[in-house]
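K.L.:
For reference, the chains in residue letters:
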Amino acid sequence: MALASRLSIVRPNGSNKRLLRDAHGRTRAEEAAVRQKLMTAEAVVAELRSGMTIGIGGWGSRRKPMSLIRAICRSDLTDLTIVSYGGPDVGLLLAAGRVRKLVYGFVSLDSIPLEPHFRAARQSGAIEVAEYDEGMLHWGLYAAACRLPFLPTRAGLGSDVLQVNPGLRTVRSPYDDEELLAVPALRLDAALVHASRADPHGNAQFLGPDPYFDDLFCMAADRAYLSCEKVVPTPELTASAPVQTLRIQRWMVAGVVEAPRGAHFTSCDPDYGRDEWFQREYANAAADPAAWAVFRASYLDHDEAGYHAAVASGRAAATAAS
Amino acid sequence: MTGRLVAGDSAAGGSVVPVATRAEVCAVACAEAWRGDGEILASPIGVIPTIGARLARATFEPDLLLTDGEAMLGQGTWAIGGQPEVIEGWLPYRAIFVLIYNGTRHVMMIPSQIDPHGNVNISAIGDFSRPRAALLGVRGAPGNTVNHPTSYWVPRHTARIFVARVDMVSGVGYDRAARAGVAASRYHELRRVVSNLGVFDFASPDRSMRLVSVHPGVAVDEVRAATGFDLIVPADVPQTREPSAEELALIRSVIDPRGNRSAEVPQ
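Protein chains in written order, with numbering that gives the first Met the number 0: chain A, 0 to 321; chain B, 0 to 266.
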């Protein structure tokens with residue numbers, strides 16, 4: 000093995016116990032001391048502060064860190080600025096009154112195009128917004144990840160994105176006559192993402208069709224917290240999947256939370272698809288305050304285990320009724 | 000099922016081509032949007048444009064690239080709700096963005112409002128700061144329209160959608176692109192607008208919307224009445240072409256065997 004060839008065998012003083020040393024003189028025992036970052040969702044929330052700018056990975060109603068979002072909804076955090084390719088993550092935070100400002104390209108439940116809580120918040124003028132082109136959001140995160148003040152693009156030019164975001168500026172190309180939009184870096188205090196698998200150090204894997212922009216969210220943030228379906232020993236990450244699925248590396252991650260079905264009710268392919276039944280329940284309830292109070296009491300006023308138990312019994316009741 | 004004899008076929012034994020539904024005429028009109036595009040990504044939004052894109056590739060535009068609606072490029076012709084049998088590439092969102100900036104795409108989007116110059120709103124109806132109806136958000140419309148060809152599909156043509164002025168310019172029209180300068184206008188191109196009533200383009204001297212054809216059974220006055228601004232209407236307005244027998248067979252048996260098209264455009 001390539002690894003073995005880089006290791007030399009040493010015998011410490013008088014001991015006949017053999018230790019493996021790598022090229023940096025580090026023993027296996029020391030290697031095992033690489034930082035462990037396992038923590039609970041509650042511990043993640045305890046590291047967040049009201050008023051922070053928080054980026055959320057995933058896309059629409061796909062692979063959202065919903066267990067972390069639910070934990071925030073149970074906390075007393077408030078006045079958050081949320082940056083997201085928005086789905087029910089945004090909806091739940093709006094419904095819980097946690098959001099002061101929203102930075103987004105869209106908010107949608109995918110199979111249900113319009114997000115009811117987002118619509119209500121926009122229509123009541125309850126929140127401040129920065130509505131960007133999807134590609135501008137990408138560029139803002141990429142600029143932040145690269146520690147650049149901005150990145151130039153055509154996206155947004157000519158549209159009312161410039162009118163509704165009067166702080167946006169254009170920049171003249173030093174090489175020709177083009178005047179481009181300068182997308183400001185979207186620096187985040189914290190990022191929350193959900194992965195298929197991760198090791199305890201924060202190396203994380205996506206097994207679905209699209210990594211979305213989760214790595215950029217992590218790199219744009221001072222501290223990134225990652226939930227995952229399953230925590231596995233590092234060698235297992237590449238035992239049955241190509242190394243290219245390891246999109247997030249431990250240097251990007253401050254904390255790892257094991258959260259089976261943590262993306263529910265959004266999709267987390269291939270482990271599970273979107274829970275379309277529950278999403279319809281959510282959207283129907285969200286369109287009416289009285290129905291939402293019932294929904295919240297039934298499903299959300301619990302810890303994470305209680306949430307999943309309530310979903311299971313709700314589904315059983317719905318199946319029995321049909 | 001109603002049917003009609005195709006000229007020349009009756010003598011050969013009465014091969015009957017069923018009359019196309021409005022949804023099928025619309026699907027073919029959408030397919031025509033991608034004619035001549037070659038090896039670019041066709042990105043249809045909605046059922047009828049999706050049928051149209053797959054139909055275009057299955058017939059007159061074989062080099063088009065199509066996604067499975069998620070992150071895979073697929074070969075062959077597959078049904079609405081189905082999956083391609085052969086995957087020929089991986090196109091996650093971040094790769095789509097680069098492809099957009101590269102100009103290798105022609106999208107067909109669904110506007111909530113569209114004006115005579117092709118400015119389109121999908122963001123919010125009313126005052127943006129406190130809209131009467133919040134919609135999706137601008138999504139990729141600003142970037143799409145200034146980077147590569149764009150067409151639009153309107154399943155229900157009304158004067159509430161075809162408006163003199165849109166409330167929030169999400170997709171950029173010809174007047175706004177020109178005013179924003181060369182960076183916005185050099186790759187800007189609106190190809191066509193297909194509605195359930197007719198086909199429209201911007202091939203007029205001031206780049207404002209022109210009626211290209213009306214679908215079979217639609218009168219020009221009906222289009223005028225359902226449009227909230229003055230359309231440019233030529234003296235002679237042709238009829239949108241009807242689907243061929245081959246196209247109808249592909250739509251009915253291969254691309255949309257479950258008939259999802261009639262939910263988007265009822266007959």
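The set of hints was computed from the structure by calculation and includes no laboratory data.
In this text, a Cβ means the ideal position worked out from N, Cα and C, and glycines have one as well.
A portion of the hints provided could be inaccurate.
Pulled a few chain A residues facing chain B out of the computed Cβ check, cut under 7 Å [as the list claims (entries may be wrong)]: (1) Ser107; (2) Asp109; (3) Leu179.
K.L.:
Just to be careful: measuring from the Cβ of Ser107 (chain A) to every Cβ in chain B, is the smallest value less than 7 Å?
P.N.:
Holds: closest Cβ of chain B sits about 6 Å from Ser107 (chain A), inside 7 Å.
K.L.:
Tell me if Asp109 (chain A) is really an interface residue toward chain B, meaning its C-beta lies closer than 7 Å to one of theirs.
P.N.:
Where the cut-off is 7 Å and the nearest Cβ of chain B is about 10 Å from Asp109 (chain A), the hint is violated.
K.L.:
Min Cβ distance, Leu179 (chain A) to chain B: is it shorter than 7 Å?
P.N.:
5 Å, holds
Hint violations for this structure: number 2 only, all remaining hints satisfied.
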